[in-house]
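**Student:** Listed here are the chains, written in short residue letters.
Protein chains: 2
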Amino acid sequence: MSIAIAVDAMGGDFGPRITVPAALVVLREMPSLRLSLVGDESLILPLLSRLSSAERARVSVLHTTEVVTMEDKIAVALRQKKQSSMRLAINQVHEKTVDACVSAGNTGALMAVSRFVLKTHADIDRPAIMAALPTMVGHVHVLDLGANVDSEPVHLLQFAQMGSIVAEVLDGIERPRVGLLNIGEEDIKGNDLIKQTDELLKASGLNYIGYVEGDGMFKGHADVVVCDGFVGNVALKASEGVAKMMAGMIKTQIARNWLTRVAGVLAFPLWKGLKHDMDPGRYNGASLVGLTGIVVKSHGSADVASFAQAVRVAIKEVEKNVPALIHARMGHDEKSGADAVSAN
Amino acid sequence: MSIAIAVDAMGGDFGPRITVPAALVVLREMPSLRLSLVGDESLILPLLSRLSSAERARVSVLHTTEVVTMEDKIAVALRQKKQSSMRLAINQVHEKTVDACVSAGNTGALMAVSRFVLKTHADIDRPAIMAALPTMVGHVHVLDLGANVDSEPVHLLQFAQMGSIVAEVLDGIERPRVGLLNIGEEDIKGNDLIKQTDELLKASGLNYIGYVEGDGMFKGHADVVVCDGFVGNVALKASEGVAKMMAGMIKTQIARNWLTRVAGVLAFPLWKGLKHDMDPGRYNGASLVGLTGIVVKSHGSADVASFAQAVRVAIKEVEKNVPALIHARMGHDEKSGADAVSAN
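Listed in order, the protein sequences are those of chains A and B. Here the working numbering is used: the first residue of the first sequence is 1, the next is one more, and so on. Here the working numbering is used: the first residue of the second sequence is 1001, the next is one more, and so on.
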């Protein structure tokens, strides 16, 4: 099977000098991969000069100079930047000239444009941002990580259903354990959203294991953890913040005096292993689930290895045909565009 | 100045064998400290046998065998366990026979009983749980960490006002920088709660620095970060979970083979420093702010060093007279009990 991926080459903090080499890493790994690199060809073409002619034949460049910036309002991205690299990458998914697209651009814009162009499945009210996070024993799929604030119980139920399908097909788990993110005090447990969602999940037929606390996410008790996008985004960012702080503390400890500097050098094999365990690149690539096509969001600050990982996530979802599976299990019609986003 | 602290000796995962030795550590540090140890004297008294007679004279034991368990519903703690060690410790604060109390017991029960016995200040609708978390450059006071779910904007404003006062007096900061925890996407930024709270904070006269993201909390940009208790609790627990996971990964890396085991030994000075930096004990002791008296909550799983730290937090709040300051700046009357909690 040949797979085609559109890459928003201009997205992210560094643009083509990260996205293009990263995409080419995956191109070399996978002989059946074709790439559509979308962006300013004056920046992209020089980065392709070292490709063999066989490799070059698998790469097309779709030229545009319009870019959605990190600061752009959603309305601007949606209504005024119809030739942006982000928009043209997503358009290709809609037109089925590619199987998926990857962008490190503005998350809010990416979600809004994807939703407008691709629409959600019929039985899904809102798409969600889903990503795998490391746990003590493997990883956990968490959604929503920030696409939706003020979610209602039915939205969290849909997130759970989608998350369960994705964990099942990506990880080969027969009945993924689904947990609902909650706080720990018995009586004041949960707000109304949580209590009502708990009821829906109990009746859902999913392998619902009940509440999971913030620290429980990282213990590996659940395969899928569901939460409102506000809570999920705060939890994700807080987790990233702590990991960075600990890495910084280790560096400070090493720099403290000659004894600790020597210890730091001697402990090199440990850092190497820890770096591998915690490598954000291993977990880069969040999926916008619930849409009729595959859109993967990379961290804006991704390096080559991390962005390449986001491309691999997109490929895996293509191979497993994730949107079609969600469509088949959750609904049969596609929503009209006007229904999903009132803009064009 | 002599300070008296009531200790709920039965609270926490380990009861008197942690809480009593921990309280005695602080007793020895501070010659003017008096302790009221509340709980089963058959368990407490043997732990006092090694005290000098001068030390022993500063310790009283208030005997009771009733205990609020971690599983007890709030209603049970409040209505049926009026002789619990937790309740009697809080009662002493109300009766002013002690200046503050410390408990490692059930958080929900501690909050409810404290609120019922001590009441909130007049201009405070809801008390909050506030704790200092480590940052890359020091620490940040975060509230609410779980006392309130479904907070309204005015509650978050009050949390900000209280947090600012506490940071000012505990840390000696003239105009503490107050941040509002939010997510990062520009247009979908924040839910309604956040947007309305943002307006209130802008008009509050506080040194409000705007939104802080989950990772920003740990960067030290703000002295106080305000959030709803649901979000705060999830962020706190997620942060703890990541820190534990990373510590576990380091251990796994060390155990991997002989080379890494040697590296682990050689890196000993680093672990010692890192352990100090990350020591949860350094940050144990969450304050229940907004009440007319001082109640400090310790982690249930605290060890002797950690619980001692929670006692020190209580002492510091007594020395700085935190509730009186909050009272003076925010209101002048005390709320009636019926108003605060409809139980007795």
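No lab work stands behind these hints, which were simulated from the structure alone. Predicted model only: the values in this text are computed from it and were never measured. Idealized CB from N, CA, C, for every residue including glycine. Do not rely on the hints blindly, as some may be mistaken.
In silico SDA-like cross-links for lysine to any residue, where the CA-CA straight-line distance does not exceed 25 Å [said to hold, decoys possible]:
id: 1; chain 1: B; residue 1: K1219; chain 2: A; residue 2: W271
id: 2; chain 1: B; residue 1: K1195; chain 2: A; residue 2: D150
id: 3; chain 1: A; residue 1: K272; chain 2: B; residue 2: R1282
id: 4; chain 1: B; residue 1: K1244; chain 2: B; residue 2: L1259
id: 5; chain 1: B; residue 1: K1275; chain 2: A; residue 2: V265
id: 6; chain 1: A; residue 1: K251; chain 2: B; residue 2: D1198
id: 7; chain 1: A; residue 1: K219; chain 2: B; residue 2: G1300
id: 8; chain 1: B; residue 1: K1251; chain 2: A; residue 2: K73
id: 9; chain 1: A; residue 1: K219; chain 2: B; residue 2: R1282
id: 10; chain 1: B; residue 1: K1219; chain 2: A; residue 2: M249
id: 11; chain 1: A; residue 1: K82; chain 2: B; residue 2: G1184
id: 12; chain 1: A; residue 1: K73; chain 2: B; residue 2: D1198
id: 13; chain 1: B; residue 1: K1219; chain 2: A; residue 2: E213
id: 14; chain 1: B; residue 1: K1251; chain 2: A; residue 2: G138
So, partial list: chain A residues that the calculated Cβ filter (under 10 Å) puts toward chain B [claimed, not checked]:
id: 15; residue: D150
id: 16; residue: E152
id: 17; residue: N182
id: 18; residue: N191
id: 19; residue: G210
id: 20; residue: E213
id: 21; residue: G214
id: 22; residue: F230
id: 23; residue: V231
id: 24; residue: N233
id: 25; residue: I250
id: 26; residue: N257
id: 27; residue: L266
id: 28; residue: F268
**Student:** If a hint holds in the structure, say so; if it doesn't, say that too.
**Tutor:** Right, here's what the structure says about each hint:
no., hint, result
1, B:K1219 with A:W271, "holds (23 Å)"
2, B:K1195 with A:D150, "holds (12 Å)"
3, A:K272 with B:R1282, "violated (29 Å)"
4, B:K1244 with B:L1259, "holds (24 Å)"
5, B:K1275 with A:V265, "holds (19 Å)"
6, A:K251 with B:D1198, "violated (36 Å)"
7, A:K219 with B:G1300, "holds (19 Å)"
8, B:K1251 with A:K73, "violated (45 Å)"
9, A:K219 with B:R1282, "holds (24 Å)"
10, B:K1219 with A:M249, "holds (12 Å)"
11, A:K82 with B:G1184, "holds (24 Å)"
12, A:K73 with B:D1198, "holds (19 Å)"
13, B:K1219 with A:E213, "holds (24 Å)"
14, B:K1251 with A:G138, "holds (16 Å)"
15, D150, "holds (5 Å)"
16, E152, "violated (12 Å)"
17, N182, "holds (8 Å)"
18, N191, "holds (4 Å)"
19, G210, "violated (16 Å)"
20, E213, "holds (5 Å)"
21, G214, "holds (3 Å)"
22, F230, "holds (6 Å)"
23, V231, "holds (5 Å)"
24, N233, "holds (4 Å)"
25, I250, "holds (6 Å)"
26, N257, "holds (9 Å)"
27, L266, "holds (4 Å)"
28, F268, "holds (7 Å)"
Comparing the model with each numbered hint stated earlier shows that hints 3, 6, 8, 16, 19 do not hold.
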